[in-house]
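Below, each chain spelled out in residue letters.
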Amino acid sequence: DTAVSQTPKYLVTQMGNDKSIKCEQNLGHDTMYWYKQDSKKFLKIMFSYNNKELIINETVPNRFSPKSPDKAHLNLHINSLELGDSAVYFCASSQDAAGGVEQYFGPGTRLTVT
Amino acid sequence: TQLLEQSPQFLSIQEGENLTVYCNSSSVFSSLQWYRQEPGEGPVLLVTVVTGGEVKKLKRLTFQFGDARKDSSLHITAAQPGDTGLYLCAAREVGSNTGKLIFGQGTTLQVKP
Chain D
1 DTAVSQTPKY
11 LVTQMGNDKS
21 IKCEQNLGHD
31 TMYWYKQDSK
41 KFLKIMFSYN
51 NKELIINETV
61 PNRFSPKSPD
71 KAHLNLHINS
81 LELGDSAVYF
91 CASSQDAAGG
101 VEQYFGPGTR
111 LTVT
Chain Z
1 TQLLEQSPQF
11 LSIQEGENLT
21 VYCNSSSVFS
31 SLQWYRQEPG
41 EGPVLLVTVV
51 TGGEVKKLKR
61 LTFQFGDARK
71 DSSLHITAAQ
81 PGDTGLYLCA
91 AREVGSNTGK
101 LIFGQGTTLQ
111 VKP
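These protein sequences, in sequence, are chains D and Z.
Letter by letter, the first sequence follows residues 1 to 114 of my numbering.
Letter by letter, the second sequence follows residues 1 to 113 of my numbering.
In case anyone wonders, no lab produced these hints; they're calculated from the structure.
It cannot be assumed that every hint is accurate.
In silico EDC-like cross-links for lysine to aspartate or glutamate, where the CA-CA straight-line distance does not exceed 20 Å [claimed, not checked]:
#	chain 1	residue 1	chain 2	residue 2
1	D	K44	Z	E38
2	Z	K100	D	E58
3	Z	K100	D	E53
4	D	K36	D	E82
Covered stretches of chain D (chain Z as the covering partner; in silico rule of three or more C-beta atoms under 8 Å from a C-beta of chain Z) [what the hints assert, rightly or not]:
#	region
5	35-49
6	89-98
As the structure is a computational prediction, the values presented were derived from the model and not from experiment.
Glycine included, each C-beta is placed from N, C-alpha and C at the ideal position.
Just chain D, with the same shape it has in the complex:
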């Protein structure tokens, strides 16, 4: 069974549209994350939830809104998509938010905005 899964794997859409990416983890972890990896492979944290509570909210446009319906799911909704939003978005989870814990990453969602 896949530990951290994301849907869809690929997403191609036009500027101005609204889209969502879904993430699920079956590891029983308390903490989940959204990362953005740009074309230069730089990976940057966007959001993190611990037990459904938002604990990291980096400087991200408010067009991006995460939602955690339960500990096993963390979705990302993006409004009014822009060309610069094109990237690979990774969901990850960890046992908790303590130091040194391993983060398990999903396979990524490649978003292309045209």
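Here the structure of chain D is known, so what remains is to put chain Z in place on it, guided by the hints.
Showing chain Z alone in chain D's frame:
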């Protein structure tokens, strides 16, 4: 914003060669991790180092955390084509209780047979 500088950014070598990747910062970190990412997949953890001066070995890979906990290195002995991938260092700020990781820019390694 704390930065992690990785070098080199790209490395193309022949099978059997040795290599070292560096991860440097001016800041002190509570722990540092190395991940490997293959095309079309998410990063996978290789190792976590916590103590200054700590050395960990994973088969042909040797990881070291600097004495001052500001830098780290990854050394691969006798590289193989299966080692090809993107290597990322990631560090946790001292006192962080949010799980936030700061990633380096990555080192793309290509090992040619």
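Hints and how they fare:
Restraint check for D:K44 and Z:E38: the C-alpha separation of about 17 Å stays at or below 20 Å, so the hint holds. Our distance criterion of 20 Å between C-alpha atoms is met by Z:K100 and D:E58, whose separation comes to about 10 Å. Restraint check for Z:K100 and D:E53: the C-alpha separation of about 15 Å stays at or below 20 Å, so the hint holds. Restraint check for D:K36 and D:E82: satisfied, since their Cα atoms lie roughly 14 Å apart, inside the 20 Å limit.
Evaluation of the coverage hint for the region 35-49 of chain D: fulfilled, as 7 residues show C-beta separations to chain Z shorter than 8 Å, against a requirement of three. With a threshold of 8 Å between beta carbons, the proposed coverage of the region 89-98 of chain D by chain Z holds, since 6 of its residues qualify and at least three are required.
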